[in-house]
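Student: Letter by letter, the chains look like this.
There are 2 protein chains.
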Amino acid sequence: MGDTPETAANSSSALEKLRQLIQQHDAHPDLALPTERELAERFAVGRREIRRALDVLEEEGRIWRKQGKGTYVGPAAPVQPLALQDLPQQSNLVEVMEARLQLEPGLARLAAIRASKEQIALMQRLQERMNHLSLSDGDEHELWDSAFHRAIAEAAGNRLMLGLFDAVDAVRREPAWQHLRVQARTPARLDNYDDHHHRLVKHIAARQPAEAATAMREHLLALQQALIEAINFGDEEPL
Amino acid sequence: MGDTPETAANSSSALEKLRQLIQQHDAHPDLALPTERELAERFAVGRREIRRALDVLEEEGRIWRKQGKGTYVGPAAPVQPLALQDLPQQSNLVEVMEARLQLEPGLARLAAIRASKEQIALMQRLQERMNHLSLSDGDEHELWDSAFHRAIAEAAGNRLMLGLFDAVDAVRREPAWQHLRVQARTPARLDNYDDHHHRLVKHIAARQPAEAATAMREHLLALQQALIEAINFGDEEPL
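Chains as they are written, first to last, in UniProt numbering: chain S, 1 to 239; chain W, 1 to 239.
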């Protein structure tokens with residue numbers, strides 16, 4: 001095949017660096033980007049890799065090349081990825097709920113296959129504890145609830161996905177969102193959630209991956225619905 | 001409710017910091033952890049929040065408290081989350097495929113609802129380009145394929161999930177994995193993938209979220225299967 005596995009930097013990594021460069025250039029759209037030769041030196045990749053990555057950016061409409069003049073930024077700015085350490089500052093609770101709905105049913109599915117007996121016993125203990133918490137103490141609920149969901153993520157046995165779970169959980173944990181989460185937490189809903197947690201552990205312990213994923217999805221959809229109502233109606237009774 | 005939304009640090013954030021501290025303590029299991037008072041000062045949270053977080057860790061079996069002696073680490077070490085910037089160093093291709101299967105069908109589903117016409121036109125152009133690449137050039141394939149999948153992730157309109165996508169893509173991009181990916185790429189499979197990509201864009205353009213998610217899942221399952229065969233059989237024909 002045309003490329004060697006030993007290449008330290010390929011076109012894909014050149015593309016990632018160019019995306020960052022374009023982002024910095026956004027404030028100065030009239031300035032040309034460095035030449036291909038300068039870019040190749042700066043990123044320590046070949047000129048062929050630079051040209052290929054520029055092809056992609058041109059196709060995406062994010063740069064345009066002017067014969068004899070150079071390469072310019074625009075018209076379409078890329079949606080920049082969040083630097084992952086900045087997630088808590090730049091994301092929000094609505095994005096969190098969507099991301100949890102994508103991640104956590106899959107984690108529950110994997111946990112049903114991979115959880116050790118010890119890990120299942122831990123989930124059972126955490127779930128038991130949540131039954132006995134005082135209704136009025138939001139901080140304590142968040143704490144045990146987060147530990148419960150993390151026990152499932154850990155039992156799924158994929159460190160990459162545990163890393164993603166923690167990144168999402170860090171946004172959820174932001175104190176600024178807490179009053180909405182408190183508002184969404186009514187006694188009837190908490191009873192419901194206890195029931196969901198109980199079913200979740202039951203399916204994981206019975207090694208039922210599809211049922212565990214469904215139980216998690218239903219639980220998260222209920223949480224999402226409660227948050228939407230808290231956002232839209234505040235303390236009022238929802239219609 | 002018991003907690004104020006203004007609290008800068010709650011029990012959940014104390015728990016996260018304690019998990020990191022335990023990890024550092026792993027090399028010295030006989031040393032007691034700092035006292036609750038010291039921990040409260042160090043993490044700038046209340047002692048109540050520290051005690052609660054320690055309760056969780058004790059329930060998880062990760063610390064034990066000895067009357068009058070202090071708090072010790074053990075016996076069960078927590079599975080540490082990956083520091084997200086370390087993901088490419090610490091994860092692997094098998095974890096990547098699992099994570100992609102969790103993330104990307106959901107991204108395709110959201111893209112079918114949220115993609116602008118401009119974003120759909122971009123997907124079509126990228127997919128078109130992939131049809132005309134030389135079979136022998138792995139680097140170029142990776143480049144356009146990654147741009148295509150990222151266009152879908154971007155069109156899903158959730159910056160948190162785009163951040164997760166980029167984190168996973170950074171692992172995939174590691175040059176050390178490239179020879180396996182090259183090995184898995186046969187002419188027949190590439191034809192197949194072109195077909196998958198075509199169907200994906202068609203469903204997104206037709207605003208069919210369930211079909212788009214299914215098309216993405218089938219595409220990723222085929223990729224996963226090809227990688228498993230490359231891992232297990234190398235250049236031989238699979239049985």
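Read the hints as simulated data drawn from the structure, not as lab findings.
Some hints here could point you the wrong way.
If chains are identical, the list can't say which one is meant, so a pair holds when it fits in one copy or spans any two.
Cross-link-like lysine to aspartate or glutamate pairs, in silico, EDC-like; alpha carbons within 16 Å at most [what the hints assert, rightly or not]:
#1 Lys17 to Glu174
#2 Lys17 to Asp166
#3 Lys117 to Glu38
#4 Lys66 to Asp166
#5 Lys66 to Glu118
#6 Lys202 to Glu58
#7 Lys117 to Glu60
#8 Lys17 to Glu41
#9 Lys117 to Asp195
Owing to the predicted nature of the structure, the values given are computational and were not obtained by experimental measurement.
Student: State for each hint whether it applies.
Tutor: Each hint tested on the structure:
Proximity of Lys17 and Glu174 under a CA criterion of 16 Å is satisfied inter-copy only: 14 Å between copies versus 30 Å inside one chain copy. In the homo-oligomer, the alpha carbons of Lys17 and Asp166 lie at most 16 Å apart only across protomers (13 Å), although the nearest pairing inside one protomer, at 26 Å, exceeds that limit. Neither within a single protomer nor between protomers do Lys117 and Glu38 lie at most 16 Å apart by alpha-carbon distance, with minima of 57 Å and 35 Å respectively. For a Cα distance limit of 16 Å, the shortest separation of Lys66 from Asp166 qualifies neither inside one copy, at 45 Å, nor across copies, at 30 Å.
Proximity of Lys66 and Glu118 under a CA criterion of 16 Å is satisfied in neither setting, with 64 Å inside one chain copy and 23 Å between copies. In the homo-oligomer, the alpha carbons of Lys202 and Glu58 never lie at most 16 Å apart, since the shortest distance is 52 Å inside one protomer and 23 Å across protomers. Only between protomers do Lys117 and Glu60 lie at most 16 Å apart by alpha-carbon distance; the minimum there is 13 Å, versus 50 Å within a single protomer. Taking the shortest alpha-carbon separations for Lys17 and Glu41, only the intra-copy value of 13 Å comes in at or below 16 Å, while the best inter-copy value is 41 Å.
When the C-alpha separation of Lys117 and Asp195 is checked against a cutoff of 16 Å, the pair qualifies neither within a copy, at 21 Å, nor between copies, at 43 Å.
In summary, the numbered hints that this structure violates are 3, 4, 5, 6 and 9.
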